[in-house]
Structures are given as C-alpha cells and as structure tokens.
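S.K.: Here the protein sequences line up with chains Z and X, keeping their order. So in the numbering used here, the last one in the first sequence is 309, and the numbering has no gaps at all. So in the numbering used here, the last one in the second sequence is 165, and the numbering has no gaps at all.
Think of the hints as simulated: they come from the structure by calculation, not from any bench. Hints are not guaranteed to be accurate.
To be verified - Below are the DSS-like pairs computed for lysine-lysine, each with C-alpha atoms no more than 27 Å apart in a straight line: (1) Lys309/Z - Lys95/X; (2) Lys95/X - Lys302/Z; (3) Lys172/Z - Lys198/Z; (4) Lys58/X - Lys130/X; (5) Lys44/X - Lys58/X; (6) Lys12/X - Lys223/Z; (7) Lys309/Z - Lys44/X; (8) Lys130/X - Lys193/Z; (9) Lys141/X - Lys130/X; (10) Lys198/Z - Lys159/X.
Said to hold, decoys possible - Chain X residues, not near chain Z, derived (Cβ > 10 Å throughout): (11) Tyr36; (12) Leu43; (13) Lys44.
Unchecked claim - Facing chain Z, from chain X, some residues (calculated, C-beta under 7 Å): (14) Ile100; (15) Phe109; (16) Val123.
Model, not experiment: these values are computed from the prediction. In this text, a Cβ means the ideal position worked out from N, Cα and C, and glycines have one as well.
Here are the chains, one letter per residue:
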Amino acid sequence: MNNHAALDTSIYTAVTEAIRVEAQRILSEGQVTAVIGYAASRRKGSARPVIATDAVAADKLIFTAACVNNLAVYLTKAKKDIHKGGKIGIVVKGCDLKALIGLMGESQLKREDLYLIGVPCSGVLGSTMQPATELTTATIAPKCCECDVHQPTGCDFIPSVTVPSTPQLEGKYSAEIARLEALTPAERWSYWKEQFAKCIKCYACRQVCPFCFCEQCLCDRNKPQMVDSTPRPSGNTAWHIVRAMHLAGRCAGCAECERVCPMDIPLNLLNRKMAKELKELYDYESGLEVLEKGPLNSFAEKDDQSFIK
Amino acid sequence: MDNRTQQDFEPKIIAFVCTWCTYAGADLAGTSRMQYPSNVRVLKFPCTGRIDPVFILKAFQQGADGVLVSGCHPGDCHYIAGNFHARRRFAAFRKLLEFIGVDLNRLQFSWVSAAEGGKWVEVVTDLTEKVRTMGPMVEFKELALEEQWSGAIDTPELKEAYNAI
Chain Z
1 MNNHAALDTS IYTAVTEAIR VEAQRILSEG QVTAVIGYAA SRRKGSARPV
51 IATDAVAADK LIFTAACVNN LAVYLTKAKK DIHKGGKIGI VVKGCDLKAL
101 IGLMGESQLK REDLYLIGVP CSGVLGSTMQ PATELTTATI APKCCECDVH
151 QPTGCDFIPS VTVPSTPQLE GKYSAEIARL EALTPAERWS YWKEQFAKCI
201 KCYACRQVCP FCFCEQCLCD RNKPQMVDST PRPSGNTAWH IVRAMHLAGR
251 CAGCAECERV CPMDIPLNLL NRKMAKELKE LYDYESGLEV LEKGPLNSFA
301 EKDDQSFIK
Chain X
1 MDNRTQQDFE PKIIAFVCTW CTYAGADLAG TSRMQYPSNV RVLKFPCTGR
51 IDPVFILKAF QQGADGVLVS GCHPGDCHYI AGNFHARRRF AAFRKLLEFI
101 GVDLNRLQFS WVSAAEGGKW VEVVTDLTEK VRTMGPMVEF KELALEEQWS
151 GAIDTPELKE AYNAI
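So here's chain Z without its partners, still in its complex pose (with noise of 0.2 Å):
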C-alpha cells in the first residue's frame, strides 16, 4: 500500500480559469446576484467558501484538490431570501450537483433561480488539515473513489476540460458495508457503540447537511422529547440512527457529515448503506433527476412484504 500514486489535477488550472471569466461575466452582465465559489484562503494551498458579488471578487475564485465543501448548504439554509435579489451563480462539483438535485425534488431550490457552474473534477482531498498535500491515491476523499460524477451534466456553463481518467481505486465504502455486513450482529452493535460514544453532539453533521433543513429538528424538540439531547450514548445512538432514517432516500453522498465530525465517526458509512438498501429495495438512486418523491414517500402495490407477517 505504499506505492501512492499521484492524482492527475492538470485540468483545475484550466478550470479555474473558465470558472473566473464565466463568474465575472454573468456578474457584469447582470444574470446574477451573486456567484458562491471557493477563494484561496490563508494556508498555503488551502480554499474556502466565498460568495463573489462583483467582478473584482470573481477574479479570486479558484477550483483546487482543497476544495472540499459542499457549497450547497449556502443555498439550503437561507433559501427563503435567494429569489428576493434574484439569481445565484455556484460553482458545483458533481457530487454536490446531486445534492442541488434533490433539494430542488423536495421543492427548496428553484432551477431557474440558479445558475449552475459545473465542475470537471478529478477528486478533492479527504482532509484538509494539511491543504497543500498533493492529489494522491492516500489523500484523495473516499467518496471520490466511488465517484461517477466527475464531468456533471446539465449544468448551465461547464469549462470545455476532460477528465483524465482516473485510475480504478479501490471503493473504501464498500468495502467497509461488505466488512460489517459480514459481521454478527453482536459485533456490528460493538462497533457502532464505541463509534458513537465518541460523539460530543455538536450536530457539525447537521449543520453542514444540505438536506438537513427542517426549521425545527425532531431531535431538538422536547415535549416529547424523542430523542435525548445531552451527549451520552443512548442520545448519541439515538441521535444518529435517527439522522441516518431521515437521511434515507435522499443523502447524495457528498460525505460532508464525515469531514466535520470532530470525532471521526465514520458517518457517511450509514448514509451509503441506506443508499444500497434502497438501491436493491427500490432501484432507487438519489441526485440523477429532479424526482417529485423520492423512495420513502412513494410506493408501489408491489413493494416487497416477506418480512411482514
């Protein structure tokens, strides 16, 4: 497992580029209010979200291996005033264009109210905490090994670049499902006890959830309190198996959840595991096209029933 073999990221030069000119003329001429987009930060190497309302500010956007978030949030959150000024431009890597996807199947976003600016990427970095490290087969995020979105489609402006191809990596998640599938149930509790007791209930998962948008979440509600807010295992327990529940369905994967966590929990394990079950269930795969309802508010006459008596 040494032999780490580098990245090819040769198009992010280009891509940033097309990014600036196209950000700049949308905001010059007028189509939109403002572009969201990742502008180098401090750290060398590093980016972090910006949002752009001039040409001059536009100028600093940049696509990198360090640019991680998932800028849909922005949009998620203060939904309620984007139309007021009128159009947002985003920069979106496919896997977040999957999230805009499904936000806009659950009626939060409008299409028109945004213009889409994809990204051809070839994978982004798992941690950022040294954001300078180079693209390689170690440092590259697990959800990029799995990814089969690295040109999006159906994006307003994608910058004329091919992705090199990428070699075949070796999917982390899969792995991992098929490893505690195979376990017995006895161990796969243990596990996932020693996980979530290291959780501190910070809700960064849900804080940077794109889909995590209730005004007022169920586990945050007391009388009736369903769900135990203070940082003890059976509220941590409590806590994640019901965000996985909600997540079902509809999480497209941007692993977001797991960059924050504090504790490294591996988080978007549940998320891909409920994916696969609705795969398998349902044939059903979030963040391909604006669907209406997604596996678990529609149904079937048909649906399988072996389990109930």
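On the provided structure of chain Z, position chain X as indicated by the hints.
M.R.: Showing chain X alone in chain Z's frame:
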C-alpha cells in the same frame, strides 16, 4: 443465566397498532374471550403511517424487549395508502437497525385486520415466546445507564497531567 432468572423473565412487548384494523382485531380477540399473553402493551395510532421509526427506538430505550408494529392489510388502509408508506419506511428501518447490530427477531411487523382476532393472538403469542427464549433486550438499556463522556478519563496521559498539578 441460571434457571431461575430464565423462568422469571417476562418479556415486555410494545405493540404499535393502527386504530382501524389491528386495534379492532385485538378488541375482537378480547370480546371473543381468546387468551393471549398479557406481556403486550398496546399503543393505538391513527394509522401505521403515523408510526415513526423513532417510536420503536424509544420503546427499546425505555425497556421494551420486543416491538410489534401492526396495521391494516395492503389496500385496506383507512387513509388509502398509509400502510404502503409504512411498509417502505419499515423495510428501510429494519435494514438500518440490522446494520447497527440490533437483533431483528425482536421486531415484528404484521397485518391484522379487524376480523382477524385469531391472527392477533397468534402474532402476539409467537413474538412473546420468541422474545422469552431470547431473554431481555439489554443493548439499549445498557446504553441508557452508561454515563460515558467523549473520552476515557483515566488514560495514562491524563493521569500524568493530573499528578503534575
């Protein structure tokens, strides 16, 4: 586990039922004077579609050894499609619980109509006996008793730091 506790164990079964079919079915079992284990505690809901998976979690956390969810047969829902939605939701929830490591033998789903008093007795008896042989559900109860902070507080590093004060 010795014989005494094995015999003394009376499972607690929580049944989430829909008011239109299974509740009426259980009522029929009662008025027909059928016998079934008194281990089951029935909670009435308007529809299986109203039964949130979090209720099941809560039941386990608060000491249930088994959970039964029961409603109208497909096509018989008073609200047209509530049980169809519930069917998908619980199919997904089962998979999630299984992945977390919960023994699915403790969680039973069934369709019991208002005319099926006999089936209600059968479902309740089967689940009660199954859970009785499995013993108490300890996983969630243990969690609830555990007072664990996000890290161990007796690591060598912390001890050293403490001694250095």
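S.K.: Decide, hint by hint, whether the structure agrees.
M.R.: Hints, verified against the model:
1. Lys309/Z - Lys95/X: 17 Å, holds
2. Lys95/X - Lys302/Z: 19 Å, holds
3. Lys172/Z - Lys198/Z: Judged against 27 Å, a Cα distance of about 21 Å means the pair holds.
4. Lys58/X - Lys130/X: Holds. Lys58/X to Lys130/X sits at ~21 Å (cutoff 27 Å).
5. Lys44/X - Lys58/X: Status holds; Cα separation ~16 Å.
6. Lys12/X - Lys223/Z: 24 Å, holds
7. Lys309/Z - Lys44/X: OK: Lys309/Z and Lys44/X at ~19 Å, within 27 Å.
8. Lys130/X - Lys193/Z: 25 Å, holds
9. Lys141/X - Lys130/X: 19 Å, holds
10. Lys198/Z - Lys159/X: Distance of about 20 Å is within 27 Å: holds.
11. Tyr36: 15 Å, holds
12. Leu43: About 13 Å separates Leu43/X from the closest Cβ of chain Z, which puts it past 10 Å; holds.
13. Lys44: 16 Å, holds
14. Ile100: Given a least distance of 5 Å, the restraint on Ile100/X holds.
15. Phe109: It holds, given that the least Cβ distance between Phe109/X and chain Z is near 4 Å, below 7 Å.
16. Val123: Result: holds, 6 Å to nearest chain Z Cβ.
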